[in-house]
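Here are the chains, one letter per residue:
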Amino acid sequence: MEIHSPEFKEKSRIALHDVNLQKALSNLKAGFPVKRSTAVARMPEFEQLRDEATALKNHILENLDIYLEQFEANVIKNGGHVHWCRTPDDACKKILEICKDVDSKTVTKGKSMVSEEINLNDYLQKNGVEPIETDLGEYILQLRGDHPSHIIAPAIHLNLEDVSEIFHEKHKRPKSSDPAVLMQEAREMLREKFAGADVGITGANFLVAETGSTIIVTNEGNGDLTQTLPKTHIVVTSIEKVVPTLEDMTLFLRLLARSATGQEFTVYNTLSTGPRRTGDQDGPENFHVVLVDNGRSEMVGTEFQEMLRCIRCSACMNHCPVYGAVGGHSYGWVYPGPMGSVLTPQMIGIEQAGLLPNASTFCGKCESVCPVRIPLPKLMRHWREDEFSKHLSPKAVRWGIGGWAFFAKRPGLYRLLSTSSNLFLRVMAGKKGRIKKIPMAGGWTDWRDMPAPSGKTFMSQYKSRKQS
Amino acid sequence: MSKAEILGNIRHGLKRGEASQEQKQAVINRINAHTRNLVPQRAQLPHEEQVALFIAMATEAAAEVYQLESINEVPQICANWLKEHNISSLVTASDASILALDWNSVSDLSCEQRVAQVGDAASLTSSFAGIAETGTLMLHSGKDSPTTLNFLPDNHFVILKRSDIVGPYEDAWQRLRDKTQGDLPRTVNMITGPSRSADIEQKLQMGAHGPKDLIILLIND
Numbered sequence: 000m001e002i003h004s005p006e007f008k009e010k011s012r013i014a015l016h017d018v019n020l021q022k023a024l025s026n027l028k029a030g031f032p033v034k035r036s037t038a039v040a041r042m043p044e045f046e047q048l049r050d051e052a053t054a055l056k057n058h059i060l061e062n063l064d065i066y067l068e069q070f071e072a073n074v075i076k077n078g079g080h081v082h083w084c085r086t087p088d089d090a091c092k093k094i095l096e097i098c099k100d101v102d103s104k105t106v107t108k109g110k111s112m113v114s115e116e117i118n119l120n121d122y123l124q125k126n127g128v129e130p131i132e133t134d135l136g137e138y139i140l141q142l143r144g145d146h147p148s149h150i151i152a153p154a155i156h157l158n159l160e161d162v163s164e165i166f167h168e169k170h171k172r173p174k175s176s177d178p179a180v181l182m183q184e185a186r187e188m189l190r191e192k193f194a195g196a197d198v199g200i201t202g203a204n205f206l207v208a209e210t211g212s213t214i215i216v217t218n219e220g221n222g223d224l225t226q227t228l229p230k231t232h233i234v235v236t237s238i239e240k241v242v243p244t245l246e247d248m249t250l251f252l253r254l255l256a257r258s259a260t261g262q263e264f265t266v267y268n269t270l271s272t273g274p275r276r277t278g279d280q281d282g283p284e285n286f287h288v289v290l291v292d293n294g295r296s297e298m299v300g301t302e303f304q305e306m307l308r309c310i311r312c313s314a315c316m317n318h319c320p321v322y323g324a325v326g327g328h329s330y331g332w333v334y335p336g337p338m339g340s341v342l343t344p345q346m347i348g349i350e351q352a353g354l355l356p357n358a359s360t361f362c363g364k365c366e367s368v369c370p371v372r373i374p375l376p377k378l379m380r381h382w383r384e385d386e387f388s389k390h391l392s393p394k395a396v397r398w399g400i401g402g403w404a405f406f407a408k409r410p411g412l413y414r415l416l417s418t419s420s421n422l423f424l425r426v427m428a429g430k431k432g433r434i435k436k437i438p439m440a441g442g443w444t445d446w447r448d449m450p451a452p453s454g455k456t457f458m459s460q461y462k463s464r465k466q467s
Numbered sequence: 000m001s002k003a004e005i006l007g008n009i010r011h012g013l014k015r016g017e018a019s020q021e022q023k024q025a026v027i028n029r030i031n032a033h034t035r036n037l038v039p040q041r042a043q044l045p046h047e048e049q050v051a052l053f054i055a056m057a058t059e060a061a062a063e064v065y066q067l068e069s070i071n072e073v074p075q076i077c078a079n080w081l082k083e084h085n086i087s088s089l090v091t092a093s094d095a096s097i098l099a100l101d102w103n104s105v106s107d108l109s110c111e112q113r114v115a116q117v118g119d120a121a122s123l124t125s126s127f128a129g130i131a132e133t134g135t136l137m138l139h140s141g142k143d144s145p146t147t148l149n150f151l152p153d154n155h156f157v158i159l160k161r162s163d164i165v166g167p168y169e170d171a172w173q174r175l176r177d178k179t180q181g182d183l184p185r186t187v188n189m190i191t192g193p194s195r196s197a198d199i200e201q202k203l204q205m206g207a208h209g210p211k212d213l214i215i216l217l218i219n220d
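Chains A and B, in that order, give the protein sequences. In terms of numbering that gives the first Met the number 0, the first sequence opens at residue 0 and continues consecutively. In terms of numbering that gives the first Met the number 0, the second sequence opens at residue 0 and continues consecutively.
Source of the hints: derived by calculation from the structure; they are not laboratory data. From a predicted model like this one, the values you see are computed outputs, not experimental measurements. A couple of the hints might just be wrong.
[Claimed, not checked] Straight-line alpha carbon distances no greater than 25 Å define the calculated BS3-like cross-link-like pairs of lysine-lysine that follow:
(1) B:Lys211 - A:Lys192
(2) A:Lys99 - A:Lys230
(3) A:Lys174 - B:Lys202
(4) B:Lys23 - A:Lys76
(5) A:Lys34 - B:Lys202
(6) A:Lys76 - B:Lys142
(7) A:Lys394 - A:Lys377
(8) A:Lys76 - B:Lys2
(9) A:Lys192 - A:Lys99
(10) A:Lys230 - B:Lys142
(11) B:Lys202 - B:Lys82
(12) B:Lys14 - A:Lys377
(13) A:Lys169 - A:Lys125
(14) A:Lys230 - A:Lys125
(15) A:Lys99 - B:Lys2
(16) A:Lys28 - B:Lys202
(17) A:Lys230 - A:Lys76
(18) A:Lys76 - B:Lys211
(19) A:Lys455 - A:Lys430
(20) A:Lys34 - A:Lys364
(21) A:Lys34 - B:Lys23
(22) A:Lys174 - B:Lys211
(23) A:Lys169 - B:Lys202
(24) A:Lys22 - B:Lys202
(25) A:Lys92 - B:Lys2
[As the list claims (entries may be wrong)] Chain A is faced by these chain B residues, among others (derived, beta-carbon under 8 Å):
(26) Lys23
(27) Val117
(28) Thr146
(29) Arg174
(30) Ile199
Beta carbons: idealized from backbone N, C-alpha and C, even for Gly.
Looking at chain A on its own, in the form it has when it is part of the complex (with noise of 0.2 Å):
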């Protein structure tokens, strides 16, 4: 996917204003979050789950090479091949060489954000390989030539009236506006594509280092048609997805269907080791595993290495209201809301992705879902050092944090500052204690007044108090 994260000022202004997209995101904010929370309801043990599945991730990654090796020797027992791409084009590159070596000629692909984040349909594509997307959502996505705007819900940014047009346009039968219509018409166009598929791709879940199994969770079934009904099965996925053991998977999955869509468990939960044993009737006589790192294993030992315990369940972008407002495809390449915004960085650079950490209240809304615990708020303000720290920031925030830091390291000025400033505002404001317009800080009057400062500032607050 080309990258737009520099462009997501430009882009967010757009999508305010944007009415279909702001009618489709209502439905994610009225829908996702309300689930959730009858789940999490449902199971009064859940904060525990969520503490335990934090230490337990913690633990993994303090030992991720030893339970990479361990994965990759059982994948090998089993029959299956392990291939390690440091790079997105060492990965394209060895999967273009598994489908080459199968003479394939188009494969199915269930949902993978980490194909996304190599930009692998492409790649097969200038190679004469066709990838078909079979998720639903990726299908009408790749119809349009659209990407997705979600991790879970890739089409989330679409409404009903775009899905009826372009099915109209591709599938060339009668217009309907009936979902159920349109999905059995796309149940109907897949259904051979996936007999005659020569690769399936699917990505996972989770990898279970004690039987070298990959783990994928879909409510559709199509991964499972997808990997099931090819002579080759390759699962695209990245190395932080390493888990011990089934139990160990168990308590991740636990926690993944209630986070993200608010289901007490995914319809289809799959688990492949290796190829087809002897006496089997089907499955995929070939099983390899593509284990991508881009970038992740130089987290390790960071102050991002806790971004690594993420099972990509979408509670983040779900729950936050800047997600909320602008969509997913304002964030301009592959992760968005908070997860990508402090991934994204790390991957394509924070000089192309300094917006994005900075695109965010700090509400902490992200933090407080995550099923693992991630300090979201925190990473994103560790990129905003780094952004800082490299002069990267535009000169207005350079200057307003340095004026800033040149008071606050001077708390008699900075209470003469404040003290007046209070004054001045509450002046301004009048009778009616609200501020219709201020100077340079239109970005928010146009939209809200700016009610004045109630009272005294916090320090002659805490001075008559210490009195008292």
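Got chain A; can you put chain B on it based on the hints?
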């Protein structure tokens, strides 16, 4: 090359070289212990209550659950259901309990044992376990249980014995390890209700790519 670089980066981050034998052994011991993490209370009820919970949760996930006194009732139940839905053929797995069923009494139903193909209307398989905490079926691949039967046909019947219902997922994993001496089958499918998608405007539609109906035949054994 890539592998060495990736592992090198991780070790650099962890401020150590390759792990010592002790460190590796500690990880292997942790894996082999199969220690359970927190198991929710709802998964630790007496068996009769687990059965009730399984039925409630599976039904909530939009599966149909039929309680049968004996496995011998399976052909008739399938035939009735299929007749109601204007379907006259059924593809089945070939495990011993399915092979032992007598289909002669339902002669208008054509019954075949094979892998599933595009266009199959209905399938019948056995399940290895039922997990009460979320109403989840556990099935696994094998010589007599092709995986395509679980996903390709439009409707999926699954036989589950009451005695195979367990509380938490962990009990099912342990049973599977015991049955297969630790070597997992090629695939294990956990299935909770029929296929669905909410990718169009977040409105839930049933029957995306997998079966549109999941019918659980719960046998009193």
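Hint by hint, here is what the structure shows:
| no. | hint | verdict |
| --- | --- | --- |
| 1 | B:Lys211 - A:Lys192 | holds, 19 Å |
| 2 | A:Lys99 - A:Lys230 | holds, 13 Å |
| 3 | A:Lys174 - B:Lys202 | holds, 19 Å |
| 4 | B:Lys23 - A:Lys76 | holds, 18 Å |
| 5 | A:Lys34 - B:Lys202 | holds, 13 Å |
| 6 | A:Lys76 - B:Lys142 | holds, 20 Å |
| 7 | A:Lys394 - A:Lys377 | holds, 23 Å |
| 8 | A:Lys76 - B:Lys2 | holds, 18 Å |
| 9 | A:Lys192 - A:Lys99 | holds, 19 Å |
| 10 | A:Lys230 - B:Lys142 | holds, 17 Å |
| 11 | B:Lys202 - B:Lys82 | violated, 30 Å |
| 12 | B:Lys14 - A:Lys377 | holds, 23 Å |
| 13 | A:Lys169 - A:Lys125 | holds, 22 Å |
| 14 | A:Lys230 - A:Lys125 | holds, 23 Å |
| 15 | A:Lys99 - B:Lys2 | holds, 23 Å |
| 16 | A:Lys28 - B:Lys202 | holds, 13 Å |
| 17 | A:Lys230 - A:Lys76 | holds, 19 Å |
| 18 | A:Lys76 - B:Lys211 | violated, 36 Å |
| 19 | A:Lys455 - A:Lys430 | holds, 17 Å |
| 20 | A:Lys34 - A:Lys364 | holds, 16 Å |
| 21 | A:Lys34 - B:Lys23 | violated, 42 Å |
| 22 | A:Lys174 - B:Lys211 | holds, 23 Å |
| 23 | A:Lys169 - B:Lys202 | holds, 23 Å |
| 24 | A:Lys22 - B:Lys202 | holds, 14 Å |
| 25 | A:Lys92 - B:Lys2 | holds, 15 Å |
| 26 | Lys23 | holds, 6 Å |
| 27 | Val117 | holds, 5 Å |
| 28 | Thr146 | holds, 5 Å |
| 29 | Arg174 | violated, 12 Å |
| 30 | Ile199 | holds, 4 Å |
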